[in-house]
Amino acid sequence: MTMRIGVITFPGTLDDIDAARAVRHAGAEPVALWHGDHDLRGVAAVVVPGGFSYGDYLRAGAIASLAPIMTEVIDEARRGLPVLGICNGFQILCEAGLLPGALVRNAGLHFVCRDQRLRIDSTETAWTSDYTRGQEIVVPLKSGEGRYVAGAATLAELEAEGRVVFRYVGENPNDALSDIAGIASADGRVVGLMPHPEHAIDPLTGPSTDGLGVFTSVLTAVAAA
Amino acid sequence: MFVGHVGILTDRAARVRRPPPYADVVARVVVDVMPKPEILDPQGQAVSRALTRIGVAGVAEVRQGKHFELEVDDSIDDDTLHRIAGDLLANPVIEDWTVTRL
Chain L
1 MTMRIGVITF PGTLDDIDAA RAVRHAGAEP VALWHGDHDL RGVAAVVVPG
51 GFSYGDYLRA GAIASLAPIM TEVIDEARRG LPVLGICNGF QILCEAGLLP
101 GALVRNAGLH FVCRDQRLRI DSTETAWTSD YTRGQEIVVP LKSGEGRYVA
151 GAATLAELEA EGRVVFRYVG ENPNDALSDI AGIASADGRV VGLMPHPEHA
201 IDPLTGPSTD GLGVFTSVLT AVAAA
Chain U
1001 MFVGHVGILT DRAARVRRPP PYADVVARVV VDVMPKPEIL DPQGQAVSRA
1051 LTRIGVAGVA EVRQGKHFEL EVDDSIDDDT LHRIAGDLLA NPVIEDWTVT
1101 RL
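Chains L and U, in that order, give the protein sequences.
According to my numbering, the residues represented by the first sequence are 1 to 225, in order.
According to my numbering, the residues represented by the second sequence are 1001 to 1102, in order.
Straight-line alpha carbon distances no greater than 27 Å define the calculated DSS-like cross-link-like pairs of lysine-lysine that follow: (1) K1066(U) x K1036(U); (2) K1036(U) x K142(L); (3) K142(L) x K1066(U).
Simulated from the structure, these hints should not be mistaken for lab results.
Just so we're clear, the structure is a prediction, and the values are computed from it rather than from any experiment.
Okay, chain L solo, but in the shape it has when bound:
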């Protein structure tokens, strides 16, 4: 049976279409989820896509983290539902308390839009098991508030537990602490990253197909569960 993976749309979400396309390319069935519903429609995993939910009012991701559907996302994530937050989705998961730390304005104040080299530092997550540890990939990065910050104790814990999943290689584009581009929850089921793997799944539309592995990995993770 084809696996069903939900993609949430909030007011101001931009990348839900590309996220759904990436899910389809990986061999799963994308299921549209609406921010105002209290219904995950029985999906096996959830993608919280990028964009500017609620116009980034208050703080990026702050309002969306309180949307009705997030009640179910948070409950199910705590029971092991794989959840992926990309860019604004990462900001939403941090604001929702599913991932530690926060994303703040890029150190140079510039919105950075470029193809970014990343290193996969953990394959022990639901979303990176199809990669090899230390593998370098190139996927687009496009964000103005992508600088990952967290307290010293949180950073030390992330490093000690191998929960830094993606790290910027080469010049750090936003001065994120410890070159962190993406992290995982303690159980490895929830992952958030600022760069956009869903834009790098087809050579016709992206710089590489390096991002597809994120979406194929979760199929393995769900099948194994």
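Fit chain U to the given chain L structure using the hints.
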């Protein structure tokens, strides 16, 4: 007659400004949210640099935050105000806040 007419207009204007849920406003509260001292504030730095362009020297540092004005009724106690500030208006990972009743 004339006075009554003005009175009606005033009542209506008052209703427009303060619809029923806010009719019992008893306090104005200010919540100021600032980036924690250890968090880099590139916006404040940019403002600081721009000050030299309007001919002002001697400002050592600028930090930029947010200022919220709330009108609350008497059901909102100080604990609730701090919950409003800490759970929504500020992100405690990166920001500090102060609550001031005016």
